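Visitor: What follows is each chain in one-letter form.
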Amino acid sequence: MSDESILFTYVAPFVGVLVVAVGIGAAVPGGYAIIQDDITTCDQPTIAVEGPEETSERFGETAPDLARLSYDELEPGEQEAFEEALEDPVGEARVAGTFPNGDTFRNGTIVVYEGERHYTTVVAENPCFIAPELQFPLGVFAIIFGVAGILSPPAYRKLVDLEEQANVDTRR
Amino acid sequence: MMNRAVIEGSALAVLALSILTLWFRARYKSRPASDGGYFTREELQFELGRLQDEALRWLTTTNHREIGILYIVFGTVAALWGGMDGMMLRTELLTPPADIWTPETYNALFTTHGLTMLIFFVLPVFFGIGNYFLPLLIGADDMAFPRVNAIGFWLLPPALLMARFGLIVQIGGQVLSIFLPEDQITFFLSLREVSVGWTLYAPLSVVQPNPQIDLLLLGLHLSGIATTVGAINFIATVIYERADDVTWGNLDIFSWNMMVTSSIALFAFPLLGSALVMLLLDRNLGTTFFATEGGGPILWQHLFWFWGHPEVYILFLPATGLMSLILPKFVGRKLFGYQFIVYSTLGLAVMSFGVWAHHMFTSGVDPRLKASFMAISIAIAVPSAIKVFNWLTTMWDGNIRLSAPFILCAGGIGTFIIGGVTGVFLAVIPIDILYHGTYYVVGHFHLIVVGIIPMLMIASSYYWYPIMTGRWYDRRLAKFQSGLLIVGAFVTFMTLLVIGGLGLPRRQAIYPAEYQFAQQIATVGAYVIGLSALMWLYNMLVSYWRGDIVQSTDPWNLKATNQFTREWQWFESRMVEKYDMEPAQPESTRRSYAPELEPMGLLGGVGSVAQNVYRNASMAAIAGFTGTFLMTGGIGTAIVIGVLDPSSFAEISELVGLGTSQLIGAALFLAGGTIIWPLLFLSFQEFLPGRRMFETGLVFATLVATGFSVAFYTDQQGLALIGYLTFVFVAHWAYGLGLAVTFQFLRSRRTDVGV
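Residue numbers (our numbering), protein chains in the order written: chain A, 1 to 172; chain B, 1 to 755.
A hint or two may mislead.
Here are the computed lysine-lysine pairs in the BS3-like style, where the Cα-Cα straight-line distance is at most 27 Å [claimed, not checked]:
hint	chain 1	residue 1	chain 2	residue 2
1	A	K158	B	K370
2	B	K578	B	K29
3	A	K158	B	K559
4	B	K29	B	K334
5	B	K559	B	K479
6	B	K578	B	K334
Keep in mind the hints are simulated off the structure, nothing from the lab. For clarity, every value in this text was computed on a predicted model and none was experimentally measured.
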């Protein structure tokens, strides 16, 4: 038997790599889905708040056809995010907790804060990642199974050596 | 949402640790362990001292080969970093909503992926290969300016750190935020990776407050200086440091290409530097170069792409140089069309500066200007195609050795053809307007940048591994890895071409659910590319310590085909000097082209070139006349039974401006068959399939018949069409046989007379 078996030298590891690649695609997001509640804050949309100058630049002095909200009308979570976004270098912040004005924000709105107009809108929804429960374990299994495939050429050569060794021993 | 900084930082740290562990484990296992393998205190101290010495040596070296290795290692690190960005953004695209990274993180990922790969991966690796091998190939002792060479390299690591400082600061901020209150570490929390796209289009890049953009601009500027310095060095080395017997006429193609690439870089990078400074000034000092009321955002696009498109050729030309150098070695034939390849490279260099606005077809540039850019963008396909045809012809009928470098060369040609042809479509304004914003563009250019470019880098790493390390890489793993890379690239980027063709917009973290399966296929393909890259790295690292030791001074048996080029001669002299090896002697040698036939040159014979040409041309004319005479029988019958319209001959006469005369047309046809086609046949017959001349004659006739059948088609239908095609092909085969057999007959008689 030749140790240059095409099946075990090239085909098996090729299938192995494909299985590993699919396994990574399943296991990484699958694993994230399991732990995302502990390590991240999903389902908290990001809002962007523009300064009064940018808002004037965007709309001029005309009154845009947008809903207007005063800062006091916002829920505490919304107020907190609004202030945080004003401080943020990029002008963005997450809304934690209830977001009753969410739809208004999604359309774009003018929030009046300390007498000045701020154009405010939702820039990312940040939804939670949803994955089937089996995705992670199956993904991990696929990676392990695929790695076995990738390692099949040296394993195969070892087995061939072993068999040849055994044959030699028997002949003796 | 996952925290990008932590995830990417951890992944890179794990990768770095694995590489170091692998390296030291391989090194440790390869040493003799007479004491049972335990580390003693003295040994540890010795090891530390050795590491200190090594570090000092590598930091201060001006040896071209060592700087070459530094470049390659740096480029590999950048590739792993930028590759990690790529894997992360592909992971986001597994699902339609932006539920793994935020859209901003996704934007940052494709921005840094592009910049890291294009600026810090590709050119440094090619400069590394050039540094190591170009002086050996041209017989120089070192690069022209060794210290400038070292400076050029050492500008790159700080440039990369500045360009990617956002990630480092983000990780730092998150670590510090565990111990310190947020208001004390505002700086660390204010920087983040740039997310405006790698093209840094104004006005977004001007108005975004992220200070990391400024650092990125400075980092890019520094890398531009490094590239310019390196380019000057390559040009000076090729011009002034060549050995006496290396002329412009026999300079190897890789050195030609490195010189042309460096020339392009010399014109392109200073312009990028200026544009970057202007952007910095706009951002920080209130200038209005790119402000809407000032120079305008389109000015940035012009400046950026005036560098950006030549940059494409800066990345691509060294790969073609490697292809032209490596491919012939594995098919046992001399490179076909050396001069054409050199001229096509020069042509590409000039034309690359005249196509930049094709990146701006969807902007408000004057349509008349756009049309001229469209014309040149289509025309630039010609020199690229010349290269492809020359490579194919080099392989044609060659004695192919299916080794890893060859597999990668073949894969590189394949991906380049698809990547290139899809680009020709994009050069057409109406098509570009439709597809500019889609994945079609991503698929197109990735088939080049994850096709011929890395494939030839890897091919050269395998080809020259014996020179660099004195050992062999794991050849089975290399073959496997090569195949894997090609499959991965095709699966990923062909899928992107298809979904782009269907209209899916690029640069979006969120996409419609119906594209999910295709995106998942592309992501799995991308993981395959990633795994293949890791396998290459594993092979390079482990084989350095555990690969089979090279036992011959000619490991690729290049002497057998007269292709033992200068770098191998240098290797041989080194092996003889160092290990007292016997210079390898092949069992047989032959000329490096026309493997099966006797080398025919201008179809053999003694005498001056002019005499040979005259003799061959006259024999060809007689042979051509015989062939045409035989062909006339077939064509005549076709006319008599009415499947070929004789009025088509009038079109030939019309074509050359002699009116619509069937008689003149037929005479011209006869003249063509007697003079032009036989001469073409003589020029190309060596490269047509077939061992015997009558076989190549038949192949030639079949090719010509295909053209004839299109040109002389006059709307025949049904049986008339079948009859037309049958007579056309049979008549041409008669021509091919008549031509080849008569020619051989005349040659054999001449040889007899000669004897």
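Visitor: What are the numbers of the hints the structure violates, in ascending order?
Guide: Those not satisfied are hints 1, 3, 4, 6.
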